[in-house]
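Starting from the known structure of chain A, fit chain B onto it as the hints suggest.
In the order they appear, the protein sequences are chains A and B. Each residue of the first sequence is one higher than the one before, starting from 170 at the first, in our numbering. Each residue of the second sequence is one higher than the one before, starting from 7 at the first, in our numbering.
Think of the hints as simulated: they come from the structure by calculation, not from any bench. None of the hints are false.
Cβ-to-Cβ under 8 Å is the rule here; a few derived chain B residues that face chain A:
1. L122
2. V125
3. N126
4. K154
5. S172
6. D173
7. P188
8. P192
9. M194
10. S196
11. A201
12. M203
13. T204
14. Q207
Remember, it's a predicted structure, so these values are computed and weren't measured experimentally. Beta carbons: idealized from backbone N, C-alpha and C, even for Gly.
Read off the chains here:
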Amino acid sequence: MLQECLPTRSHPSFQPTVSIGNVGQLAIDLLLASSTGTEKYGDLAHPALIPLVGSGETVEQTWTSCQVHVNEKSKVAFVQLRSDIAKGREREFVDDFMDWFKRSEFGDLVILSSLDAVERGESQLSGSQFRYLTTNPKGSLAKEFGLKEDWLTLEKRPGEQEPRLYGSGLAKQLLQNLSQDDAVEAVFLFVFCTEGDNLNIATYLTDIFNQWKGSIPCEESTRKPKFRFPSTWQHLYGNPIQSNIY
Amino acid sequence: GSVVSLLRPVISPAPASGRLNLSQPVVPAPDQIGTKRRRLYELFFEGPKAQTLLLATNEVALGFSSLYFLTAGQKPDGKIVETLKDEQSSSRDVCHIFTVTKGLIVCHALDANPDLNYVNDIGSKILELLETEAHIIILASDSLSNFKTVDLELDRQSDLLRKLVSDSWQESTSWSSPPPPPLESPNMVSGIPAALMTFAQFKKIPCLILINYVDSKTLDSITLQGFKKVFEIPLLQSFSPTIPQKNVEKRLRELISKVEQGNLYI
Numbered sequence: 170m171l172q173e174c175l176p177t178r179s180h181p182s183f184q185p186t187v188s189i190g191n192v193g194q195l196a197i198d199l200l201l202a203s204s205t206g207t208e209k210y211g212d213l214a215h216p217a218l219i220p221l222v223g224s225g226e227t228v229e230q231t232w233t234s235c236q237v238h239v240n241e242k243s244k245v246a247f248v249q250l251r252s253d254i255a256k257g258r259e260r261e262f263v264d265d266f267m268d269w270f271k272r273s274e275f276g277d278l279v280i281l282s283s284l285d286a287v288e289r290g291e292s293q294l295s296g297s298q299f300r301y302l303t304t305n306p307k308g309s310l311a312k313e314f315g316l317k318e319d320w321l322t323l324e325k326r327p328g329e330q331e332p333r334l335y336g337s338g339l340a341k342q343l344l345q346n347l348s349q350d351d352a353v354e355a356v357f358l359f360v361f362c363t364e365g366d367n368l369n370i371a372t373y374l375t376d377i378f379n380q381w382k383g384s385i386p387c388e389e390s391t392r393k394p395k396f397r398f399p400s401t402w403q404h405l406y407g408n409p410i411q412s413n414i415y
Numbered sequence: 007g008s009v010v011s012l013l014r015p016v017i018s019p020a021p022a023s024g025r026l027n028l029s030q031p032v033v034p035a036p037d038q039i040g041t042k043r044r045r046l047y048e049l050f051f052e053g054p055k056a057q058t059l060l061l062a063t064n065e066v067a068l069g070f071s072s073l074y075f076l077t078a079g080q081k082p083d084g085k086i087v088e089t090l091k092d093e094q095s096s097s098r099d100v101c102h103i104f105t106v107t108k109g110l111i112v113c114h115a116l117d118a119n120p121d122l123n124y125v126n127d128i129g130s131k132i133l134e135l136l137e138t139e140a141h142i143i144i145l146a147s148d149s150l151s152n153f154k155t156v157d158l159e160l161d162r163q164s165d166l167l168r169k170l171v172s173d174s175w176q177e178s179t180s181w182s183s184p185p186p187p188p189l190e191s192p193n194m195v196s197g198i199p200a201a202l203m204t205f206a207q208f209k210k211i212p213c214l215i216l217i218n219y220v221d222s223k224t225l226d227s228i229t230l231q232g233f234k235k236v237f238e239i240p241l242l243q244s245f246s247p248t249i250p251q252k253n254v255e256k257r258l259r260e261l262i263s264k265v266e267q268g269n270l271y272i
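Just chain A, same shape as in the assembly:
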């Protein structure tokens, strides 16, 4: 009975990992703020999640470090992860998360993450900095997901069995779990970046995502997404300098 009443049943779920530059989290922030009709569905609690609380877009809402948002119209769910996982408990969190994900009968899983640009191979130094991976090694999943043909799969280094996922946070652990589990099909979206101000990188990733999923309405003339920047992006580096000190 519980499963039949789940509004998220068969909804694809999009979530970030805490990765280098926090690009995935910033991208989900931008998606939540810009996509119309997305509402908070609930909070996720786990003892391994480092707690963080604050006000949402409206001060009447108190948000916690992990929340689920649902867009009933477009049938998608977003999981926003705002803080890190306690040291040494990443596997525990990933195992429990995947257990919850499967019980909740979500549809596909899309992970937004980032990779350390310092670890790029020679072929990755120029051109598009966006890559993807799917849990289907033969790549047929790409067609089922409707992924764009010009998207690049994350390359492996010569002689290595798996592509390097430096800086991707939980993405590596999730990929290992999902590779051994046929029950869940997942797509990982990565962008190369470094630590620092990555708002532009996050916007770039969100734009690519939106070209695929169309979650954010676009301008009719330019076809550019109508981004609405979230309040959490304000003062990332402190208050503006007071001019009266000069």
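Using the frame of chain A, we list chain B on its own:
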């Protein structure tokens, strides 16, 4: 909104509304948390549980709580102890617990900057102090320079008071005067206050965090005055300061004198 535990499957009857019924989430028993971790936390307290729990974190909040809720030299009635699972099995107190009166417990978090990897463990022990229908009031302080705003007038003030409440906190019946403004985005709260607020959202416990932003950690009448708003909550109004003013000043001087102040910087 609903709250989900990621720990174990939750099987419960679906509500009439058709939305996910999370009224019976599964929470691990407190002693299950930390059994494989490097640190263990234990609660030592045998008094009656709290209908109202007042938690003080950070130096300014501890000073206010000591001055207005505790008698001079009051000894703790209980504690939460952290034990390191190393060769020495060293331990230390992380919280002191005081029974102020029947139903009201004051808890002092002794570490101003606890290891964030373990604040959930500490928070779960603090929760064991609560009765079923309890309220939590948390006093926290932070540097004014950490308050993010574009309002230059706010930026020039020497102290600011803000609040965060859980969904279960009944705002309309909680204050005898206009409540403090809510904490504006993108400001946030971490540490033990955040752990308790998250638990409170999860378990539908009325919880209030009062955050006093001050320009100095020095205990004085200005840095402490923001917290006096707590006496406008009916739950705590019976504890309005009745100590004669000269005693408050005297105790404040004694409290300040205990704080080490080096003479390297004037």
